[in-house]
Structures are given as structure tokens and as C-alpha cells.
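Protein chains in written order, with our numbering: chain V, 1440 to 1733; chain Z, 111 to 506.
Incorrect hints may have been included.
Stretch-level coverage of chain Z by chain V, calculated; a stretch enters the list once three of its residues show a Cβ under 8 Å from a Cβ in chain V [claimed, not checked]: (1) 221-228; (2) 356-366; (3) 381-392; (4) 445-455.
Read the hints as simulated data drawn from the structure, not as lab findings. In this text, a Cβ means the ideal position worked out from N, Cα and C, and glycines have one as well.
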Amino acid sequence: MTEFLQQVLNGVSLGSIYALIALGYTMVYGVIQLINFAHGEILMIGTFSAFFALTVLDTNIAAAVLLAVAASVILGILVERIAYKPLRKSSRLASLITAIGISLLLQNSGLLVFGTEFRAFPRVIPNVHYKFFDGAVTLTGYQILIFVTTILMMLILQYIVMRTRVGKAMRAVSWDKDAAALMGINVDNIITVTFAIGSAFAAVAGVLLGLYYNTVHPLMGLMPGLKAFVAAVLGGIGLIPGAFAGGFLLGITEAMVSGYWSTELRDPFVFLILILILIIKPTGLLGKDEKEKV
Amino acid sequence: MKYWSRLLILLLVSLLTVGLAVGCGGGGDQQGTDDGDGPIKIGVNYELSGDTATFGSLSRDGAMLAFEEINAAGGVLGRQIEPIVRDNRGILDESMSVATKLITEEDILVHLGAATTGCVLAAAPIATQYQIPLVTTSATHPDVTVDPETNEVRDYIFRICFIDPPQAIVGADFAFNDLEVKEAAIYFDNTNDYSKGLAKEFKEHFEAHGGTIVASEGFGKDDEDFRPTLTSFSQKGAGLIYVPAYYQKVGKIVSQARELGIDVPMLGADGWDAPEVVEIAGSENLNNTFFTNHYSSSDESEKVQSFVKAYKEKYGSEPGSFSALGYDAAYLIADAIERAGAADPEAIREALEKTADFDAVTGKLTFDEKHNPIKEIAIIEMIDGKQILKTKKAPN
């Protein structure tokens, strides 16, 4: 029983990380129907910015997070303006391939500039351990921090999209770009804002990832980014609560399969679930068969 | 058009034929002609830039220190040693051409290096062709000294590091007999031959001692979260977790295990030997962990301590395994030349083959029939982030 509880906790904390990254993914997709494969790399740049702020500039964690957010937002906007904007009128395949190209470009530039070694991310926040059932079940401060941040981020995102003027404009652009432009919405600016918010979320997720796993590496965004993409699709891509649900489903499934079955079978099993869900319900768990997204 | 392409093919074929003829003509030539006086030349072919530059540079540093000491003490056969250092940049072709140039242009007697298996395998055919003994410091792959196609020992290739299986044999022995663990779990890197090989050997030998492997799981190259598997290890009653992996995974596995309250001993191999392990795992979490390694700078024997002191004086840092192996290799070569009694590659090769109980920093060394050293393996305990020598054991 305690083992099961521990595995659920393991799964929930893994799931929070997937959900946190998936939020940014899904929001960008919701607005411009582009799978931004460079999301994981924007996350990586954010983490490295925080890492250098903490180690070289010796700042505190709050300043480091701000710097990470700033760096990621600038990079996100640049990527959007340089790589995606010129292709907005071309086929979706062209933007998709460009996104993959940007992702590879950033990964390899990272390897070139930051080097190939794994660096230890400083533990600036002490990681408190909470023990239950005579120490059989452990919950750590980082896990709580990530879980709370994920929920907070989801609420903030939901608020921005549903309750603010910018959010209203984002939804309008997502429905119909041309009609939105006719209503006096500056489509370019709204898309830029979307990328800026998505990148800011990636930076926060990156700093938490660095803290949780103690390392930074130029390829650190690759696998979590891919898993977060799976989570977003599972839950219904473009839907903010969907990213949340998909992330947790993925995390808990992974923990259960590797805990009770076999680590080697974890990924095959996860992708089997993905295929099954897409066959039965192509729009994802929470997806509806209508066009509204975000 | 057709005419031109035919001509081109003809030209290429004739070029190739000429190349082959020249190449074969060079084969079997006894190199290393020595004029009897002047310095004895030893080629040092290492990875001094590129991805594996750390391994190569540290090994070279160790070797250069040894050559200096040997020369200060009068050299070998009454002559000075002249090491000729070349960078192969960690590139296989480059290692091959460095070896060729060292042998044909510099007339070296012995070839030292390289550090990585690939670069050694690239240089090995050259050394064999020109009949110059090659000593590598840290290439652990079995194929380095034995040709996998013919199963024959490569006559001119020697190594002074242990190969992988003995590490797991000693690890299993230490876990069962010294730590008195009867039930162990294995957590290995499923995408890495080194890790898989060690896991297999450990299982075999731990069970041969009478122990039980309660679980054996492989993780993937990109895995970051090991908590679910570690939780199941602890539930299955593992009294020890064997983690034959590289430092960045080891650091995370150790810290996540400790976080889950798993405080059983953890055991690894030489892939743990990096300062980053301490940074990633945290020094407190590493207490009660052990790993097998080539040597420990905390070994109190006089041989090790005088090496550590000299190294620190020259380079200002603590010597790791690569430096120690480089130092030992240089002394072994000098010793073999002295025993051969002549500056002749063939005599040196025979002397190397007969090496027995050679007193090295990384343990007393005897070559087996496959040119692999039989020597003791150090078991290192991590205490508050410091590597402390726990014991030394010979594989058997």
C-alpha cells in the first residue's frame, strides 16, 4: 500500500513536469496551429540563463528566474519573427519542418557554445523531505513546488486566455485570422504575445527542471519536450486543461509501468496508449469535435 | 561523355594500384633503426583536443612527469628519453596518421597512447605493420589486444588498464563478502555496452557467491526520473544497488534514491570517477556508496603518495586515474627497455610480454597471455564527497 502511494507520488511529480511544459506547447498550438518543436530548446536557453545568473553573476533565485524569462521571451519572439512569420501564409508542413529545423539549430548551437558536459544546477532552494508511514513514503519540497507552480500556471494561463482583452484577441485569431484583422486586431502582435507567454512558461519550467534533476545540458529540452508534446496530444492539443490532464496521465502511467512492470516497457506502453487514444478519440481526451481551440 | 568517364575510371584504378603497391612495399619493414647514441625516442599519441581531450591530456601529463623523473635519474641504458608528443584530436584517421608519422618520420622505438579505444584501434594496425610496440593507458575494450576476427592476440599491442569484466568480478566479491549483502538489485544503462557488460558479469558472479539478484532493470539514455524503479527495488528488498553507469546518471540515481529514503549501499565502477558526481548527487547523499577504480590518490602506500606529491608540485592538482595510468605506462616502457638491454623494438616487445610483478602506482602488474594486466582493483568509498580508498582486491 505504501509502495503504491509512493508510486502515485512519483507519477504525479513526473506528470506535473510534463504538464508544465505541455501548457506552453498547447497554447501556441491553440492560437496558430503550429507545433512549436523549438519549445524544449527555448526551455533549455532559459535554464542556462538561470544557471549562469546563479553561478557567474551570483544572483538570487528570483533574479535568476526573471533573467531566464527575459532570455526565453526574447528568443521566442526572435524565432517567431525570423522563422515562422515569413511562412505563415505557406502550407502547415513548411512551418512544421521549419520548427524542427529551429529545434535542431538551437540544440547544436547549445552544444557548441555551452559544451557537451553535464553541469550541476546549483541547489539554491533547500529540498525539504517530508516522510510519512515511518519513512516508507517520501514527498519533497521540490515536488510540492513543481505541483503548485503547475496548477498556478494553468490558472494564470486560463485567466489570460478567457478573461483578458489579449486573451479575447488570441481566441479571435485562433478562430479566423482574417476576420480578426478586419475587427481591428493586430494579428502579428497577438501572435508575438502568444509566443512571448509560451516562452516565459518554458523558462519557468526549465528552472524547475534544472532544480529537480540538478543538471543543465544543451539537450535537456529534447526528451521532456517530446513527452510534453505527447501529453498535450493525449489531453487534446490546443486545450489548456487537456495539457494538464495529459501530463498527469502520462506521468502516472510511466511510474506505474516502470515500478510494477519494467523500465524497458515504459515507453512502448506509453506510446501504445497514445495510439489507442488517437484511434478512439482523435481529438484527445478532453477534445471536442468542434473547431474552437484555446 | 562516356569517353571521359572511362578515362576517369582508368585514372582512378591506376592511382589505386600504385597506392596499393607503395603501401605493400612499406609493409613488414623493420622500423626503429637506432644509431646507438643520442636520446631514445618514444612517440606519445594522445587526444589533446576535441571531445575526449580531458582523457588524453591527463594521461600525457602523467607520462611526461614520469619521463622527466626517469631522465633526471639518468635515463635508460645510460641514455635520455625523448618523448615526442602529437595530438590526434580524438579523430580515428588522425590517430592513424599520427602513428604513421611518429614511426616513419621520427623513428620512435615505442608508441604510447592513445586513451580511447577507437583511437587505439586506429593506430594498432600501423604499429603492427612497422613492428613497433604500442602501449595504451585506458582503452578498455577487449578487441584492443585481441583481433576479434581471428581471435589472435595482437603481438605488438599492450594495455596497462584492466578491462571491464574484472571490475564487476571484484564488485560482486566486495558486495557479498565485505558488505555482507545477500540480495542486490542492478540498475544499468540499457544503451551502453560498457554498462550492460558490467551488469551481466556482476549478476553472474554475485549469484556464484550465493547471493540473489532481486531485480535487474535497464534505463534509457534520456531518462531523468529514476524514482519509480528505485521504489520498486526497495520494495523487493534489495540490500544493495549496483549502478555500473556514467557520472551524470549516477549522480541523479543516487540523489533520487536517498530522497526516497533508500539508504542501502550503492556500488559502481570507474564511470563514477568524476567530480561532477559530487556536484549532482550532493556529498551527503553519496555516503555509503562505493566504486571500483584503477587507483586512489588516498592510497597510503609510499609509491602512490610520492607520485601524488610530485604531480601536485608540477601541475597543481590531484592526479586522477588517467594521469596515474599515463605515469605507470611511461615507467613500464622505460623498465621494458632496460630489461631488453637494447634499443630494439623487437627486444622491447619481448620484454613487455614478460612483464611480471611490475610495481606501478595503479597496482602490481603482470601481463596475461592476452596482453591484459592482472592487477589489483581499488575499491573507493565516498565519504562526505571525498574519494577514500576502502580496500584493494584482485579479481579471481
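Each hint tested on the structure:
For the stretch 221-228 of chain Z, the stated coverage by chain V is not satisfied: 0 residues place a CB nearer than 8 Å to a CB of that chain, which falls below the threshold of 3. Only residues whose C-beta sits within less than 8 Å of a C-beta in chain V count toward coverage, and the stretch 356-366 of chain Z has 5 of them, enough to reach three; the restraint holds. For the stretch 381-392 of chain Z, the stated coverage by chain V holds: 5 residues have a C-beta nearer than 8 Å to a C-beta of that chain, and at least 3 were required. Residue count for the stretch 445-455 of chain Z with a Cβ under 8 Å from a Cβ of chain V: 0. That is fewer than the three needed, and the coverage hint is violated.
Hints 1, 4 from the list above are not met by this structure, while the remaining hints are.
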